[in-house]
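Participant: Listed in order, the protein sequences are those of chains A and B. End of the first sequence = 174 in this note's numbering, gap-free, step of one. End of the second sequence = 174 in this note's numbering, gap-free, step of one.
Worth double-checking, as some hints may not be accurate.
[Said to hold, decoys possible] Partial list, computed: chain B residues near chain A (C-beta under 8 Å): (1) Ser61; (2) Glu65; (3) Ile71; (4) Gln74; (5) Ser81; (6) Phe85; (7) Ile94; (8) Thr96; (9) Leu97; (10) Arg145; (11) Leu148.
[Claimed, not checked] Listing some non-contacts, in silico: residues in chain B with all C-beta distances to chain A over 10 Å: (12) Lys132; (13) Ser136; (14) Gln140; (15) Glu141; (16) Lys154; (17) Asp155; (18) Ile161.
[Unchecked claim] According to the in silico footprint, chain B covers these stretches of chain A (three or more CB under 8 Å from chain B): (19) 65-76; (20) 80-93.
No lab work stands behind these hints, which were simulated from the structure alone. No residue lacks a Cβ here, since even glycine has one placed at the ideal position from N, Cα and C.
One letter stands for each residue in the lines below.
Number of protein chains: 2
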Amino acid sequence: MSTPEPIIKSKQTEKDVNGISTQVVCTEFSNYIFIVITQFGKIGTLISVSPDSRANDITTPTFATKVLLGKDEPLTHVCAKNLASFVSQEAGNRPVLLGLALKDSSIDAIKSIKEIIRSCQVW
Amino acid sequence: MSTPEPIIKSKQTEKDVNGISTQVVCTEFSNYIFIVITQFGKIGTLISVSPDSRANDITTPTFATKVLLGKDEPLTHVCAKNLASFVSQEAGNRPVLLGLALKDSSIDAIKSIKEIIRSCQVW
Chain A
52 MSTPEPIIKS
62 KQTEKDVNGI
72 STQVVCTEFS
82 NYIFIVITQF
92 GKIGTLISVS
102 PDSRANDITT
112 PTFATKVLLG
122 KDEPLTHVCA
132 KNLASFVSQE
142 AGNRPVLLGL
152 ALKDSSIDAI
162 KSIKEIIRSC
172 QVW
Chain B
52 MSTPEPIIKS
62 KQTEKDVNGI
72 STQVVCTEFS
82 NYIFIVITQF
92 GKIGTLISVS
102 PDSRANDITT
112 PTFATKVLLG
122 KDEPLTHVCA
132 KNLASFVSQE
142 AGNRPVLLGL
152 ALKDSSIDAI
162 KSIKEIIRSC
172 QVW
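Given the sequences, and given the hints that come with them, work out the whole structure.
Facilitator: What follows is the structure, encoded as structure tokens:
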């Protein structure tokens, strides 16, 4: 039933981040990059991270974050921007749809998770 | 870098529905089933389909649909309910997160797409 070469590119991996099992799934759509980062097996808070077209200064791109599903907390926006901005930039400024279920949101953990996202590059 | 047996179960396929190439991706999370059905390569309109806990009559379950991203049109809610209700019921009443990008929303097409979803069962 499944196609030998899938049309929708998707990669996933599982790594330890500060001793916590972390699963990352990245899927490419023409208008979005979809990334789930979960330390609970849940899809978690769903956030859209979009290049902000209102920004004037083209040398420093800014991003608009919006919580679509789940708890809307300031830290969520910070983590989402931090994790997804580089993906959006590398993917031709496509917005990123991010599912985030983290036990550990430390700067150190976020840095490690960015490396895991990079290892699942589909864009 | 990738695990031999992925922890997050995901299946995808590509089929013709009334002559239109249709891609379906189903991914299982502990708290959601995530399904994208696309005839454009886009993630499309994002809808949550949840068993409605307010319903009194337990013999006929009802579902609440909410558009999280994209155009909020009545037909979208109808299609989403039609496509995702059986998945939610089969998956222990888990809600379904649905990405829907259809060129053809005819009853006939919806019926065929339900069969494709069934062939990508991850729940």
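Participant: If a hint holds in the structure, say so; if it does not, say that too.
Facilitator: Hints, one by one, checked against the model:
no. : hint   : verdict
1   : Ser61  : holds, 6 Å
2   : Glu65  : holds, 5 Å
3   : Ile71  : violated, 14 Å
4   : Gln74  : holds, 5 Å
5   : Ser81  : holds, 4 Å
6   : Phe85  : holds, 6 Å
7   : Ile94  : holds, 4 Å
8   : Thr96  : violated, 11 Å
9   : Leu97  : holds, 7 Å
10  : Arg145 : violated, 10 Å
11  : Leu148 : holds, 7 Å
12  : Lys132 : holds, 18 Å
13  : Ser136 : holds, 19 Å
14  : Gln140 : holds, 19 Å
15  : Glu141 : holds, 18 Å
16  : Lys154 : holds, 14 Å
17  : Asp155 : holds, 18 Å
18  : Ile161 : holds, 19 Å
19  : 65-76  : holds (count 3)
20  : 80-93  : holds (count 10)
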